[in-house]
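Number of protein chains: 2
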Amino acid sequence: VVLLMSFEDWLPDSGLARETREYVAGQEEPFLFNHSVRSYLFATVSARARQLAPAVDYDDELLFVSCLMHDIGLAGGHRGNQRFEVDGADIAVEFLSARGLDADRADIVWQAIALHTSPGIAERRPLEVALTRAGIALDFGAGAETIDDALATEVHRALPRLDMARRLTDAIICQAQNNPTKAPPYSTPGELVRERSQPPHITRLEQLANHGRWGS
Amino acid sequence: VVLLMSFEDWLPDSGLARETREYVAGQEEPFLFNHSVRSYLFATVSARARQLAPAVDYDDELLFVSCLMHDIGLAGGHRGNQRFEVDGADIAVEFLSARGLDADRADIVWQAIALHTSPGIAERRPLEVALTRAGIALDFGAGAETIDDALATEVHRALPRLDMARRLTDAIICQAQNNPTKAPPYSTPGELVRERSQPPHITRLEQLANHGRWGS
Numbered sequence: 031v032v033l034l035m036s037f038e039d040w041l042p043d044s045g046l047a048r049e050t051r052e053y054v055a056g057q058e059e060p061f062l063f064n065h066s067v068r069s070y071l072f073a074t075v076s077a078r079a080r081q082l083a084p085a086v087d088y089d090d091e092l093l094f095v096s097c098l099m100h101d102i103g104l105a106g107g108h109r110g111n112q113r114f115e116v117d118g119a120d121i122a123v124e125f126l127s128a129r130g131l132d133a134d135r136a137d138i139v140w141q142a143i144a145l146h147t148s149p150g151i152a153e154r155r156p157l158e159v160a161l162t163r164a165g166i167a168l169d170f171g172a173g174a175e176t177i178d179d180a181l182a183t184e185v186h187r188a189l190p191r192l193d194m195a196r197r198l199t200d201a202i203i204c205q206a207q208n209n210p211t212k213a214p215p216y217s218t219p220g221e222l223v224r225e226r227s228q229p230p231h232i233t234r235l236e237q238l239a240n241h242g243r244w245g246s
Numbered sequence: 031v032v033l034l035m036s037f038e039d040w041l042p043d044s045g046l047a048r049e050t051r052e053y054v055a056g057q058e059e060p061f062l063f064n065h066s067v068r069s070y071l072f073a074t075v076s077a078r079a080r081q082l083a084p085a086v087d088y089d090d091e092l093l094f095v096s097c098l099m100h101d102i103g104l105a106g107g108h109r110g111n112q113r114f115e116v117d118g119a120d121i122a123v124e125f126l127s128a129r130g131l132d133a134d135r136a137d138i139v140w141q142a143i144a145l146h147t148s149p150g151i152a153e154r155r156p157l158e159v160a161l162t163r164a165g166i167a168l169d170f171g172a173g174a175e176t177i178d179d180a181l182a183t184e185v186h187r188a189l190p191r192l193d194m195a196r197r198l199t200d201a202i203i204c205q206a207q208n209n210p211t212k213a214p215p216y217s218t219p220g221e222l223v224r225e226r227s228q229p230p231h232i233t234r235l236e237q238l239a240n241h242g243r244w245g246s
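In order, the protein sequences belong to chains H and A. Be aware that the first sequence starts at 31, since it is given in our numbering, and climbs by one per residue. Be aware that the second sequence starts at 31, since it is given in our numbering, and climbs by one per residue.
No wet-lab data here; the hints were simulated from the structure. Here the structure is a predicted model, which is why all the values come from computation and not from measurement. Be a bit skeptical, because a hint or two may be false.
Ranges between beta-carbon positions, derived for each pair [said to hold, decoys possible]: (1) H:D43 with A:E59: 21 to 31 Å; (2) H:R80 with A:P214: 16 to 26 Å; (3) H:N111 with A:T211: 32 to 42 Å; (4) A:R109 with H:R80: 19 to 29 Å; (5) H:R234 with A:L192: 32 to 42 Å.
If you only want the chain H side, here are some residues facing chain A, beta carbon under 8 Å, derived [stated by the list, open to error]: (6) H108; (7) R109; (8) Q112; (9) R113; (10) A144; (11) L145; (12) P149; (13) G150; (14) I151; (15) G171; (16) Y216; (17) T218; (18) I232; (19) R234; (20) E236; (21) Q237.
Where a beta carbon is used, it is the ideal one built from N, C-alpha and C, also for glycine.
Produce the entire structure from the sequences given, and follow the hints as far as they go.
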């Protein structure tokens, strides 16, 4: 059993990781920031379960910044005409490149963020991309029975959920209502809009969370 | 105005291109093979419209094999547990790597095929990936008004449509009925299954084609 003294002890402490964390904390509401940090913590649990080691098998700094920034396209001040995953990927690459991240590593972050809602595809891209999606899925409750009880309690004490699944879905739909080009047919944002607009007026994503171990 | 003597004069003539064409012609029914070749021809039209030149701006051989093999995951003999785009991407990379394609170029083909149903994402990957999707979209009628009349006539004379949009949708849904893991929620295959199962029992993809310049 792994017990956290503080969730902060688990986070990478490079300058880029710290700057990213401060930036995202300043841009995102707590429900979104907490979801992003939890997704990273759960991604590292998923990595260990697959016997993957940081530095050896995957780049922990890339995994961290990918998870931290995966929903930055939903943060208040950001506007764009692309689906939020792609606008967010662009925001992340701009932020990270300005702080020295090289193009090859930046492209992995781009893919991790742009593909985090693409089932069956993210899983087949570089490990940091696959683990980002795995961590996010765990935070929505998919496979959450694999998470140790004490860890789960500690993580949610430090980073409360704050009705994340509903509010995140609201944010995606709100963007699409203001700008339909952000929710094209056959995309996850487009589907969330459709699901909310038709009976039973709740998305499969929210149902997954509501019926899962953590709730919304 | 560009008139084709034969559509074959327009296709790349490298050994790999010829082998790919022969392989796909042997694997796919004519409705699917013709769609794949038309997608390549329309992709090159899209490239020219964007003032992109083969060899200079994009790799024409990669674009050709990507378009030719983009639906190979729907061909009769192929079975897999992933969505057809990803199973197809794997089949293509296996085929092409065995014939000497290096890993970096093979990964571009993988992305072109795996992402061809991902709106707003394929457009932001390497040019061969974006052009593959653009060519396919043109063959479904999206933006088809930009295609020259004489060219359109010649292409469809050489490569008739054979009710492609309906039969391609049928093939995706048939796979999913046999194996639901091939059509996860929030994926294009999953959406096509849902659309056919609910009123008005026709997919947006087929409606796009039916109402477009070419019909199904």
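Results for each hint:
1. H:D43 with A:E59: 21 to 31 Å: Violated: the Cβ-Cβ distance is about 57 Å, outside 21 to 31 Å.
2. H:R80 with A:P214: 16 to 26 Å: Taking Cβ atoms as reference, H:R80 and A:P214 lie about 20 Å apart, which means the hint holds.
3. H:N111 with A:T211: 32 to 42 Å: holds (34 Å)
4. A:R109 with H:R80: 19 to 29 Å: About 26 Å separates the Cβ atoms of A:R109 and H:R80, which means 19 to 29 Å holds.
5. H:R234 with A:L192: 32 to 42 Å: holds (35 Å)
6. H108: Given a least distance of 16 Å, the restraint on H:H108 is violated.
7. R109: violated (16 Å)
8. Q112: holds (6 Å)
9. R113: With a closest approach of 5 Å, the H:R113 hint holds.
10. A144: Because about 6 Å separates H:A144 from the closest Cβ in chain A, which is inside the 8 Å limit, the hint holds.
11. L145: holds (7 Å)
12. P149: Hint holds; H:P149 Cβ to chain A Cβ min 4 Å, cut 8 Å.
13. G150: Holds: closest Cβ of chain A sits about 5 Å from H:G150, inside 8 Å.
14. I151: Given a least distance of 6 Å, the restraint on H:I151 holds.
15. G171: Hint violated; H:G171 Cβ to chain A Cβ min 14 Å, cut 8 Å.
16. Y216: Check passed: Cβ of H:Y216 comes within 5 Å of chain A, closer than 8 Å.
17. T218: At about 5 Å, which falls below the 8 Å cut-off, the nearest Cβ of chain A leaves the hint on H:T218 intact, so it holds.
18. I232: Interface hint status for H:I232: violated (13 Å vs cutoff 8 Å).
19. R234: holds (5 Å)
20. E236: violated (12 Å)
21. Q237: violated (10 Å)
Violated hints for the displayed structure, listed by number in ascending order: 1, 6, 7, 15, 18, 20 and 21.
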